[in-house]
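Work out the full structure, taking the sequences as your base and the hints as a guide.
Spelled out, the chains give:
Number of protein chains: 2
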Amino acid sequence: MKSDDPSRGIDRRALVSSLILLPALSAALLSSPVQAQTTSSASLASWNDGPAKQAILDFVRATTDQGSPKFVPADDRVATFDQDGTLWVEHPIYTQIVYCLDRVSTLATQKPELKRIEPFKTVLSGDGEALAKLSMHDLETILVAALTGMPVEEFEAEVKKWLETATHPRWKRLYTDLTFQPMLEVQQYLRDNGFKTYIVTGGGQDFVRVYSQRVYGIPPEQVVGTMGGTKFGYDKNGKPFLTKEPKLLLNNDKAGKPEGIHLMIGRRPHAAFGNSDGDREMLEYTGAGDGARLMMLVLHDDDAREYAYGPARGLPDSKFGRFTAALDDEAKKNGWTVISMKNDWKRVFSFE
Amino acid sequence: MKSDDPSRGIDRRALVSSLILLPALSAALLSSPVQAQTTSSASLASWNDGPAKQAILDFVRATTDQGSPKFVPADDRVATFDQDGTLWVEHPIYTQIVYCLDRVSTLATQKPELKRIEPFKTVLSGDGEALAKLSMHDLETILVAALTGMPVEEFEAEVKKWLETATHPRWKRLYTDLTFQPMLEVQQYLRDNGFKTYIVTGGGQDFVRVYSQRVYGIPPEQVVGTMGGTKFGYDKNGKPFLTKEPKLLLNNDKAGKPEGIHLMIGRRPHAAFGNSDGDREMLEYTGAGDGARLMMLVLHDDDAREYAYGPARGLPDSKFGRFTAALDDEAKKNGWTVISMKNDWKRVFSFE
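Respectively, the protein sequence lines represent chains A and B.
Residues in the first sequence are numbered from -13 upward in steps of one, following this note's numbering.
Residues in the second sequence are numbered from -13 upward in steps of one, following this note's numbering.
Careful: at least some of the hints might be erroneous.
Identical chains blur together in the list; that is why a pair holds if it fits in one copy or across any two.
As the list claims (entries may be wrong) - DSSO-like mimics (lysine-lysine), calculated; alpha carbons at most 27 Å apart, straight line: (1) Lys225 with Lys56; (2) Lys319 with Lys305; (3) Lys182 with Lys146; (4) Lys217 with Lys182; (5) Lys225 with Lys240; (6) Lys318 with Lys225; (7) Lys233 with Lys217; (8) Lys222 with Lys319; (9) Lys147 with Lys101.
It is worth saying that the hints were derived from the structure and are not from the lab.
So, in C-alpha cells, the structure goes:
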C-alpha cells in the first residue's frame, strides 16, 4: 500500500497539456444524418468497431435525423457523464481524496495543533496501512477540513495549483492526463451533434469545476456534483465574498444523481454514462424517458492498460467504483450497453 | 382588496402568444463592435435614449470589442435577471402566490378536510381582508401544500395548465403576457452579443422553469430560483420518478442570490438586473468582480402604465419588491444604473 500511496510521487514539472482539449471542431451542428456519420468515423477514432461504438452511432442517428421517429430537437439534447472511473482513472483512490490528504499537510503548517489530533495525525504519519483503516467518519472530517472554511476563489486557486504538480503513482503523470481518450471523443461527438454535455459526479461540484472546461471542454455551470453550501459576507473593506461552508446540500451519488440532475438541469437526459452502482439510478432515470435513450457503463476489465475490477464477471472486488453483478444483470435486462475497456477501446489514454 | 383578488378574474380563453418570443434573430455572434451597435439600435426599440440605454450599450461595447481593455471572452459572458418586478409585473401579489392560492381549491376537492383547517379555510373563503392578514407561516403552509408532494412532471403539467387561463386582475391578461418588453429586448440583445442569460429569482425554481423557455427564451437549466429537494423512488411498476419534497435547499433571495449563483452557475456574472432590496447582494457580488460590470435596478415610477412604489424617492411603500431609500443610496454610491420605467421605457408591454 505504501508504494501505492498517491501523495508520494509528486514531481514539480510544469503542466503538460497533451490531451487537454480535442482539436476545436466546428461548432456548427450537422443536420443531416449522413454528415453526422461522416464526423463519427473521425471523431470516435479510439473506438474499435463493435456493439458499444455502434450503440453510440445508432443513438445519435436516431435523435438527430429529422426524419427519425425518435428525433430530438437540438435544444432538448442532454447527455450526462459520471466522472471517476467513467471519464478518468479512479484507482487506487479518487483524485479528490488524494487532494484532501495532501491538503492536510498545508493545514498542519497553518494550525500545528492538528499534528496531535486524529484523523489528521494518521494522515500526516504517511503510514499507508493506518490510512487505509480510516473510517468513513474520519474521511468526512478530512474532507470538511480540506474543502470548506475558505473563500471560493481561494479554494479554486489551491486546487488549480495542486493539479499542476500532483501525479498519479502508477503513471507518474498529472491526474488530468489520465482521462479516457475514447470518452473525450464521445463527449465531443455528442456536442458536435447538438448535445449539451454535463458531468454528474459524486465528487465535489466546486472541485471538478476548477478543471472541467480545460480537461473536458465542459463549463462550470454544466458540472453537477456533491454540493456544499456557501455563505455570503463582506471582508473588512466591505467587499462581498462567498465562503465555502461545511453544509451538505446534496450528496450527488446513487439516488442523489437524478435528484441533482433535476436540481441543476431541470430535465431528463437522453444519454447517461457511468461505471458503478453509484450511477445506477441516473441510468434508470434516463432510461425511463420516451424515445431514444442511451445508457452505457464502462467495465474496467483491462489490467494491462488500466485496471480490472468488478466484482461482476469474476473480476476482483473494488473499494471505489463497484461494478456489481446486480448492476451487470440490470444492464442486460434494460438493454444498457456495457463498454469493455479491453475490447472496445483501441486506446485508453491520449499519451499511449 | 376583494376586487383586486387575482384568483377572481379567470377567463378560459385560449393561450394568446402575442409577446412570447422575439423574432428569432441569428444566433451568430457579432464580433465587431460596429455590428453590435447596429443590432442594438433595432433590438432596444422600446428604450428611450438616455443614461439607462446608454449604460447597456457602453457595457456591451466594452465587453465584446476585442480591442477593449475590458473585453470578456464569449464563453465567460454571464448576465443574471431577477424575475418578479424586473422581468414581469409583481403587483398586487407575486404570480406564484396566486397560483398557490388557486391551487388550494383543487387540493380541497381531493382532500375535503382542508376546508375546515386553517389557513386553507381562509383561502377558500375568498375573504380578501382575511387573506391579506395571513402570516408568513400561513403562507409557507400554503406553499408547501401547493408546491410539494407530487411527481415533478405532475407539478409541471399543473402549472402549465394554470398559466393558460389565469389572468391578472387589472389587465385581464395572462400573467405571461405581462412581461416588460424593454427587458425582453435587453435579454435578447445580450444573447445576440454572446451572453448567457439567467433568471435568478426568489420564486420557485421549478415554477419558473415551466415557462422560462417560452416566455423569456431561457432554458430550464438557466433558471436559478428558490430550490426544494426532490426524492427519487419507484412507482408500482418499478418505473423511477422524482417527488417534490417539502425540504428547502436554498432560499434564493437577498444573500441567497449570490449563493444560488455560485451553486448553479459557478461563476460571477458580468451584468445583473434587479428591482428591490432582495437583489442588493446579487448586484454587490456582480460589481465586486474586475473589469466592466453592469448593475441595473428597475424603479417602478409609472402608475399610469404599470405601478408606482418604492418606498424610495417618496413613492408609496410596497409589500412586494421594496425599492428602499438605502438601496437607492447604494446604487448612487456604487454607480449602479436606476431604470425609470416612466422615463426610460417607450413601451412597457408588447400589447400596448
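If the cutoff is 27 Å on CA atoms, where do Lys217 and Lys182 land: within, between, both or neither? Let me know, please.
-> between (30 Å within a copy, 25 Å between copies)
When no copy is specified for Lys147 and Lys101, does a C-alpha distance of 27 Å or less occur within a copy, between copies, both, or neither?
-> within (24 Å within a copy, 61 Å between copies)
Between copies, within a copy, both or neither: which fits Lys225 and Lys56 at Cα up to 27 Å?
-> Between copies, since 21 Å is at most 27 Å while 51 Å is not.
Since the copies are identical, ignore which copy is meant and state whether Lys319 and Lys305 lie within 27 Å (CA to CA) inside a copy, between copies, both or neither.
-> Classified as within; 25 Å inside a copy, 56 Å across copies.
How do Lys225 and Lys240 come out at 27 Å by Cα distance, when the copy is not named: within, between, both, or neither?
-> between (39 Å within a copy, 16 Å between copies)
When no copy is specified for Lys318 and Lys225, does a C-alpha distance of 27 Å or less occur within a copy, between copies, both, or neither?
-> between (56 Å within a copy, 17 Å between copies)
Please work out whether the CA atoms of Lys222 and Lys319 approach to 27 Å or closer within one copy, between two copies, in both situations, or in neither?
-> between (60 Å within a copy, 18 Å between copies)
Given identical chains, is Lys182 near Lys146, meaning Cα to Cα at most 27 Å, within a copy, between copies, both, or neither?
-> Both: 25 Å inside a copy, 25 Å across copies.
When no copy is named, should Lys233 and Lys217 be tagged within, between, both, or neither for a Cα gap of at most 27 Å?
-> Both, since 10 Å and 19 Å are each at most 27 Å.
Hint compliance for this structure: every hint is met.
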